[in-house]
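**Student:** Below are the chains, spelled out letter by letter.
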Amino acid sequence: MKRYECLKSLASMLGPKVIVVTNIGPISREWNALRPSDANLLQINLGLCAAVGMGVAVSLPNRQVVLLDGDGNLLLNLASLADLANQNLKNLVHIVLDNESYEGGGGLKSATAGRADLAAIARGAGVQNANVARTVEQFDGAARQSLANPGHHFIVAKVEKGSVEKLPALTLDGKEAKYRFARYIESSEGVQILRPRYTHI
Amino acid sequence: MEAAAVDAVVDGLKKSGVDFISLMPDSDFSILQERVANDKDFTYVPVSNEAIGVGVCAGAWLSGKRPALLVPTSGLLVAAWPLTSLCMAWGLPLLLLIPYRGDIGDAFWLMGPYKDTTEPLLKVLNAPYSVIAKTEEISKAIIDAQGSTISWQRPVAVLLTGETIK
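Protein chains in written order, with our numbering: chain A, 13 to 213; chain B, 83 to 248.
Calculated directly from the structure, the hints in this document are not laboratory data.
Please note that a few of the clues may not be correct.
[Stated by the list, open to error] Straight line, CA to CA, 25 Å or less: simulated DSS-like cross-link-like pairs of lysine-lysine:
| # | chain 1 | residue 1 | chain 2 | residue 2 |
| --- | --- | --- | --- | --- |
| 1 | A | K187 | B | K248 |
| 2 | B | K197 | A | K102 |
| 3 | B | K197 | B | K122 |
| 4 | B | K197 | B | K216 |
| 5 | A | K187 | A | K121 |
| 6 | B | K222 | B | K97 |
[Said to hold, decoys possible] One-sided excerpt, in silico: chain B residues whose CB lies under 10 Å from chain A:
| # | residue |
| --- | --- |
| 7 | F102 |
| 8 | S109 |
| 9 | T125 |
| 10 | V127 |
| 11 | I134 |
| 12 | G135 |
| 13 | V136 |
| 14 | W143 |
| 15 | S145 |
| 16 | A162 |
| 17 | W163 |
| 18 | A171 |
| 19 | Q235 |
[Stated by the list, open to error] Every beta carbon over 10 Å from chain B, so not counted as near; a handful from chain A, in silico:
| # | residue |
| --- | --- |
| 20 | M25 |
| 21 | S71 |
| 22 | L182 |
By construction, the Cβ of each residue, glycine as well, lies at the ideal position given by its N, Cα and C atoms.
For reference, chain A alone in the conformation it holds in the complex (with noise of 0.2 Å):
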C-alpha cells in the first residue's frame, strides 16, 4: 500500500473545516499536493505531532483535528499517546503512515520494522479505538468510519516506502505556517491570536 494513494483516499473525505496537523518530511509534501489549505499544520518537527495536534484539538473540540504523524515520529515521544488518550477527545483522529523507516531522515529502520506494534502501543497507552489497515480499501474504510464517529481513533496504516514525483515544492517555513494557520483559526472561529490587544505596563 503506498502512503501517497491513503492520503488521497483521506483527502477525499475530509471537508474543508477539518484541521490537519503532519509531521515534517514526505507526508508533508504529499499532503500539501493534495489538500492544499490554511486548515492544515504542516511539517510539525520530528517527535511533536501528537503533541502540537493534542494541543489543536483540546483547544478546539467543536472542530475535527486529524494527525498525520510517521512511525519514527511517533516513537520519539510515545509517552503522547498516553497524554492524549486521558483528554478523552471527541474530535481526533490520529493516523499513524507506518513505513517502518526514516523515509525523511536516510531510510533506515525504525523500530516497527522490528518487533514494535504501534496499535498495540496505543491499546495499551489507553487509545480504545486503535485499528491497522495493511490495503487501501481497509485505511479507507477505517477513517471514513473514524471520521464518522466522534471519539479518538488511532489508525495505523501500514505503507510502502517511498513517495511520488513531482510533487510541488513546499516553500511554506514555519514563521509563515504560524501566520497562516492563526490568521485561519482567528476567520473561522472568531478568535483574535495575533497582536492581540494588551496593555501590560
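Position chain B relative to chain A; hints supplied.
**Tutor:** Using the frame of chain A, we list chain B on its own:
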C-alpha cells in the same frame, strides 16, 4: 511553596489572560499544580514530559488559547529541543514558569547543576527571563512576562526563587 505564593501565581496567570496550562507533575509546584488543575478558568493538560508540554502549548496558542508551561529546571532541558524546533523556528510565544531549583541557597546537592544550565540555556534559547525572589513581585512579573511573550513572539520565562518556592 506557601499559600501566598500560590495565590500570587494564580492571580498573575489570570490577570495576564492565561487560560491554558500544561505541566508535568513536579514536587516544587505540586500545590500550585493541584490548584490550577481544579480551577475551571484554566484548560489543564498534564503531560508525561516537558517536550510534549511545549508541543501542546504551541498547538494551543495556534488555536486561540493563551498557554503557560509550568516546568522545573530539570524539565527545561527536556523542553529545550521543542523550544528550539517549534518556538524558535516558528516564532511562537510561550510563558514559562520555572521553580528555580539549584539557585544559590538551594542546599540539595542534586540541584546544583541546574545553576549552571538554567539561565545560560534560556539565553541560548533566546528566551528572556526575570528572577523573582519576593512573593509580592510574582503577579506583576507574570503579567509582564505574558505581555512580552505575546508581543515578541518568543518564549519568556519567570524563574521563582527564594521565599517564593519555600
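**Student:** Each hint: holds or not?
**Tutor:** Hints and how they fare:
1. A:K187 - B:K248: 40 Å, violated
2. B:K197 - A:K102: At roughly 43 Å apart (the allowed maximum being 25 Å), K102 (chain A) and K197 (chain B) break the hint.
3. B:K197 - B:K122: Cα-Cα ~35 Å, so violated.
4. B:K197 - B:K216: 19 Å, holds
5. A:K187 - A:K121: At roughly 31 Å apart (the allowed maximum being 25 Å), K121 (chain A) and K187 (chain A) break the hint.
6. B:K222 - B:K97: 9 Å, holds
7. F102: Cβ of F102 (chain B) sits 7 Å from chain A, so the hint holds.
8. S109: 19 Å, violated
9. T125: Holds, because the Cβ-Cβ distance from T125 (chain B) to chain A comes to roughly 6 Å (cut-off 10 Å).
10. V127: 6 Å, holds
11. I134: At 4 Å from the nearest chain A Cβ, I134 (chain B) passes the 10 Å test, so the hint holds.
12. G135: 8 Å, holds
13. V136: Cβ of V136 (chain B) sits 7 Å from chain A, so the hint holds.
14. W143: 7 Å, holds
15. S145: 4 Å, holds
16. A162: Cβ of A162 (chain B) sits 13 Å from chain A, so the hint is violated.
17. W163: Interface hint status for W163 (chain B): holds (8 Å vs cutoff 10 Å).
18. A171: Since the shortest Cβ distance to chain A is 5 Å, the answer is holds.
19. Q235: 8 Å, holds
20. M25: 22 Å, holds
21. S71: Violated, because the least Cβ-Cβ distance between S71 (chain A) and chain B comes to about 4 Å, which does not exceed 10 Å.
22. L182: 15 Å, holds
When each numbered hint is compared with the structure, violations occur for hints 1, 2, 3, 5, 8, 16, 21.
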